[in-house]
Amino acid sequence: MSAEAAGASPGIRACDSDQTMTRIGADESARAQSATDTERDPEDWIVALSVEGPKRHHALRRLHALLLRAARHQVRRMDTLLDGAGPDVADELTHQAADEAMVALLAKLHTFQGRSRFTTWAYKFGILQAATAVRSHAWRTRQVVLDDSSVTVDLGPSVEEYAETADLARAVRRAIDETLTPHQRRIMLALLVDEVPIDVLAERLGTNRNALYKTLHDARVRVRADLTAAGFLRAASEKGNAR
Amino acid sequence: MREQPRVITQEILHILIKDTEPWLSCDDCFEMLDEYADRRLVDRDDAHTSMVTHLEACPACAEEAASLLALIANDE
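Chain order of the listed sequences is L and U. Residue numbering for the first sequence follows our numbering, starting at 62 and increasing by one per position. Residue numbering for the second sequence follows our numbering, starting at 165 and increasing by one per position.
Think of the hints as simulated: they come from the structure by calculation, not from any bench. If you're wondering where the values come from, they're calculated on a predicted model, not measured in any experiment. Incorrect hints may appear among the rest.
Stated by the list, open to error - Under the rule of at most 25 Å between Cα atoms (straight-line distance), these lysine to aspartate or glutamate pairs were calculated in the DMTMM-like manner: (1) U:K182 to L:D255; (2) U:K182 to L:E113; (3) U:K182 to L:D140; (4) L:K275 to U:D192; (5) U:K182 to L:D102; (6) U:K182 to L:E239; (7) U:K182 to L:E161; (8) U:K182 to L:D105; (9) L:K169 to U:E185; (10) U:K182 to L:D260; (11) L:K169 to U:D191; (12) U:K182 to L:D160.
What the hints assert, rightly or not - What follows is a list of derived Cβ distance ranges for each label pair: (13) L:T289 to U:A237: 37 to 45 Å; (14) L:H156 to U:E240: 34 to 42 Å; (15) L:A272 to U:R208: 52 to 60 Å.
Virtual Cβ for every residue (Gly too), placed ideally from N, Cα, C.
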């Protein structure tokens, strides 16, 4: 029952007896309770979101508020990437991220196992969507050049043990050129040297973050193996023995 | 066409050769992120090796983990 409906109850019109006064008190209490309920999170989110009816509608509203909070928090953290875009853009990205997070979360609701608080679990969906949206917006006019052109080394003037580091840098450049596949080389250079955000690169290539991180991981393994064979890094077994 | 040549700096050098074993995917990192954040709130040292390794090697996941930690700390 809504607060308005409770206020229109017959008991309020007849206030000339103790019994009626008691009913008025109960009505006001119910109205106050109803107002509080609209601000309160469900005790069991999974049950509330799974059963049809008013409780589910209430839970969906509360969930959207949580996701909006997470998305707003994330957009604010990354606002330097939106430099000059204005508050309207930030607001639009926030709301769009919250809406998309809502869809993503509800599709995965059955996977929530209670290993964290539900609110923490929900927040991560809002944060992921908002961070991805901000990076995408920030790079929307920037070109991503995917090539495997070689790199130059600039270690700066104040590197201690310069010669040793310069040797390592040359060895890394050679390992990138000689041990990686063209695809691994392009992905590694784009992500780590050009600093293209991984989700932006995934979007441009029509792939996903997971696949690109795997490619990068494999590339690092190859480069490290080459450097280990050349004596620049210790083998994993030696590191284990040294512990 | 590339406007400027690619340059390996001291910082990039270390990122290029970072040891990312034990392997953890971005999807698995996202899967574990809420539990990781809630536990870290109680005990700063409580963390999976693979999770820590991934967060040190993946700037996007690291930003989202730091953000989640800040948000739930704010709620406390």
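So, going through the hints one by one against the coordinates:
Pair hint K182 (chain U) plus D255 (chain L) holds up; C-alpha atoms about 17 Å apart against a cutoff of 25 Å. Among the hinted pairs, K182 (chain U) with E113 (chain L) is inconsistent with the structure: their alpha-carbon atoms are about 50 Å apart, more than 25 Å. Between K182 (chain U) and D140 (chain L), the direct Cα distance comes to roughly 29 Å. Violation of the 25 Å bound is thereby established for this hinted pair. Pair hint K275 (chain L) plus D192 (chain U) holds up; C-alpha atoms about 12 Å apart against a cutoff of 25 Å.
For the given pair, K182 (chain U) sits about 43 Å from D102 (chain L) by alpha-carbon distance, which is inconsistent with the 25 Å threshold. Pair hint K182 (chain U) plus E239 (chain L) holds up; C-alpha atoms about 18 Å apart against a cutoff of 25 Å. About 34 Å separates the Cα atoms of K182 (chain U) and E161 (chain L), which puts this hinted pair outside 25 Å; it is violated. Of the pairs offered as hints, the one joining K182 (chain U) and D105 (chain L) is violated, with about 43 Å between alpha carbons and a cut-off of 25 Å exceeded.
Proximity of K169 (chain L) to E185 (chain U) is assessed by CA-CA distance (about 28 Å); at most 25 Å being required, the pair is judged violated. A C-alpha spacing of about 20 Å is found between K182 (chain U) and D260 (chain L), which places the hinted pair at or below 25 Å, so the restraint holds. Under the criterion of a C-alpha separation no larger than 25 Å, the hint pairing K169 (chain L) with D191 (chain U) is consistent with the structure, at around 13 Å. Restraint check for K182 (chain U) and D160 (chain L): not satisfied, since their Cα atoms lie roughly 37 Å apart, outside the 25 Å limit.
At roughly 40 Å, the beta carbons of T289 (chain L) and A237 (chain U) sit within the given window of 37 to 45 Å. Taken as a hint, the range 34 to 42 Å is violated for the pair H156 (chain L) and E240 (chain U), whose Cβ atoms sit roughly 26 Å apart. As the Cβ distance of A272 (chain L) to R208 (chain U) is approximately 32 Å, the hint placing it in 52 to 60 Å is violated.
Checked against the numbered hints given earlier, this structure breaks hints 2, 3, 5, 7, 8, 9, 12, 14, 15; the rest are met.
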